[in-house]
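If you read the sequence shown in this note's numbering, its first letter stands for residue 770, the second for the next number, and so on.
Keep in mind the hints are simulated off the structure, nothing from the lab. All clues stand as given, with none of them false.
With a straight-line Cα cutoff of 25 Å, these simulated DSS-like cross-link-like pairs (lysine-lysine) come out: (1) K853 / K771; (2) K839 / K827; (3) K850 / K866; (4) K839 / K812; (5) K855 / K771; (6) K855 / K799; (7) K799 / K827; (8) K799 / K771; (9) K848 / K771; (10) K839 / K850.
Predicted model, so just to flag it, every value in this text is computed and none were measured.
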Amino acid sequence: MKMDMFFVYPMMDIVNGESSLFRIVDNDLKETLVIYLIMKNNKYSINMINTMTGEISKILIANDLQEVDKINRILMDNKEKIIKEKDLYSVETYILKLINN
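Turn these sequences into a full structure, and let the hints steer you where they fit.
Structure below.
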């Protein structure tokens, strides 16, 4: 299997207003997509960074932890489809479409 997906949140709590939600690792390239949140003004900004390009994509702003949990659940439920994508760019595109629908 080329891709692995590791869920971090909620096992690791939010520390200093930040937390990783999960990581998707391309085992061939040894590069990663990191989906993380930053708490600002009692809202949760969920972003994605591609370690290969350094590009940061804003995914959405969650109003509370229930929304964060909902997004996390959607991604967990689609884990098999996500890691079957051919590369990190395809995974990134798939996640953005999944969240925005």
